[in-house]
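Student: Make the full structure from the sequences, and use the hints.
First to last, the protein sequences are chains A and B. So for the first sequence, our numbering puts the first residue at 1; every next one is plus one. So for the second sequence, our numbering puts the first residue at 1; every next one is plus one.
Relax, there's no trap hidden among the hints.
Chain A is faced by these chain B residues, among others (derived, beta-carbon under 7 Å):
hint: 1; residue: M56
hint: 2; residue: N92
hint: 3; residue: F98
hint: 4; residue: L105
hint: 5; residue: P107
hint: 6; residue: M118
If you're looking for bench data, these hints aren't it; they were derived computationally from the structure. Idealized CB from N, CA, C, for every residue including glycine.
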Amino acid sequence: MASDVAKMKGEITKAHKAVRGRSPLQLAMGRFMRNPLAVAGSIILLIIIFITVFAPLFTHWSPTNPDIMNTDAGPSALHWLGTDSNGYDNMARVLYGGRVDLTIAFAASIMVMVLGTIYGGISGFLGGWVDNLLMRFVDIMLNFPFISLVLVLEAIFNTSNEWMLILVVGLTAWPGAARMIRGVFLQLREQDYVIGAVTIGASRMRIIFRHILPNTLSLLTVLVSMSVAGYVGLDAGLSFLGLGVPPSVASWGAMLNTYSDYISLSTKPYAWIPPVVMIVLTILSINFIGDGLRDAFDPQSRS
Amino acid sequence: MSEPLLKVKNLKTYFTSRHSQVKAVDGVDFVVGKGRVLGIVGESGSGKSMTSLSIMGLVPGPQGKIVEGEILLEDMDLVKLSDKQMENVRGNLVSMIFQEPMTALNPVLTIGEQISEMLIKHRSMRKSEAMAKAIEMLRSVGFARAEQIVKEYPHQLSGGMRQRAMIAMAMSCEPKLLIADEPTTALDVTIQAQVLELMKDLRDRTGTSVVLITHDLGVIAEMADDMIVMYGGQVVESGTADDVFEVTLHPYTKALLASIPVIDEERDRLYAIPGTVPSAANFPVGCRFADRCSLVETRCRETMPELQEVRTGHWVRCHLVTK
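Tutor: Have a look at this one:
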């Protein structure tokens with residue numbers, strides 16, 4: 001009897017400890033971990049990142065050193081996925097190619113988010129005529145022809161590399177993010193706790209960065225994850241059009257470009273199916289993560 | 001009356017747009033004594049909240065502006081301070097409690113972080129000191145497990161607990177003036193009494209002056225030393241709470257008191273003052289209460305009555321009430 005009471009007391013304190021001090025972010029992460037699709041997406045993405053980062057562990061071929069004695073070879077014990085017309089090992093290019101695609105996708109979306117958050121945050125927080133002016137510039141930028149800019153820059157510099165692509169994406173894609181962040185800031189700055197922060201004498205910068213920004217983290221995380229998926233596809237698409245990274249650099253999109261003629265498509269599936277699978281898997285897994293994050297941050301949105 | 005802490009003189013806060021001018025606060029005078037509680041009563045739209053926001057320098061711009069008047073905190077005119085100077089007044093000398101405790105705390109910061117933020121800014125405390133002070137403050141507003149509460153997030157507290165945490169936050173820098181804008185409106189009756197008791201207790205212990213804004217005359221009767229009744233952006237009656245309740249002079253105050261239901265009296269309909277508050281964009285020339293007043297005379301519609309001292313310390317704005 002007495003031990004029962006003691007046990008119950010123990011359970012009550014345990015239950016109490018369990019609910020204590022969990023931030024909204026931690027609560028959301030808890031919900032995320034209970035979403036099977038999101039967890040599966042995270043695991044697949046981690047595997048993809050792992051094999052691209054540690055590519056040398058999986059192949060001894062270099063993606064940039066051609067085996068000129070074996071060009072256009074089919075799959076063999078030496079070259080598991082064959083070689084292309086320059087003698088580059090396809091297996092090595094699939095493994096290393098992810099580095100370029102993922103770097104472009106992550107770097108570009110982080111750049112977009114940083115620019116968008118600063119711009120949209122200022123616009124939304126200040127409001128009034130400043131907001132009006134800044135948003136008209138966003139309208140102009142939203143109509144900016146992205147592919148033409150890539151073409152012009154390639155013509156000027158006579159080359160193209162992944163950093164140029166990141167810069168171009170970053171400089172042209174932020175207005176969408178800025179508009180979203182502005183909307184959230186407009187809404188949050190009217191909240192009582194923001195006015196409350198003013199009443200305790202917090203400075204403008206402090207209010208923006210300490211009181212409003214953490215409240216937009218959930219939206220930012222979802223936006224980043226969704227845009228990363230978009231930019232993986234974007235890089236593949238640009239490379240496929242011949243506007244992405246130069247052929248000597250290994251990337252999934254560039255590989256597709258190499259095998260985009262009718263004959264290769266029908267006769268060399270061993271060469272183009274792996275990069276396609278990698279692109280599709282990457283985009284799908286990131287999308288699942290993004291969906292999972294959105295549901296985790298906003299339990300009401302779940303249908 | 002004790003030494004004055006806050007003197008508001010002829011305060012006019014207007015909202016101007018291209019088409020109209022809304023006189024939210026139109027020539028308000030009052031004094032808050034050191035360690036005293038001033039109650040401001042009035043219907044929605046009478047300008048009581050705008051008066052408090054004017055003191056805090058939080059009139060929503062660019063349309064809203066203090067066009068005239070002085071707000072003297074001791075000898076410092078708050079109207080003339082720059083934004084930067086105002087940051088040092090807010091939270092430090094004057095702080096504020098909001099009506100809605102559910103939205104007035106930041107959901108992503110712990111209670112402790114929110115209380116200590118102010119101490120770090122105004123008292124240049126280190127983080128650990130500020131946390132210790134936050135725990136002390138929470139204990140003084142009646143939290144038994146204050147060490148845990150500082151680590152908790154607002155969603156883990158009930159409405160009454162949040163309001164007490166708000167009070168702890170507002171009091172943590174020992175401000176000279178605490179503005180409470182309908183602090184109990186959003187709470188249950190049982191919690192209301194607790195929160196009022198707590199505010200009274202803190203006032204007694206720290207000597208902070210309180211401006212208590214409410215439309216609940218019961219709260220005023222419970223809490224206030226002095227009171228002003230506002231109508232249409234103006235003060236219509238002011239004096240000590242005892243005077244105003246015992247010898248009510250202005251017809252509007254009388255009507256307000258008459259509209260409180262009495263528990264042991266049977267009535268089919270509750271009494272309500274007929275009509276509505278006139279639009280602040282278009283006030284009549286004469287007395288602003290004239291259209292709803294049962295004793296209205298011709299002169300009431302023609303000239304605006306002045307606020308005059310009818311008995312010692314008891315001021316009324318009405319043609320019909322004279323010495």
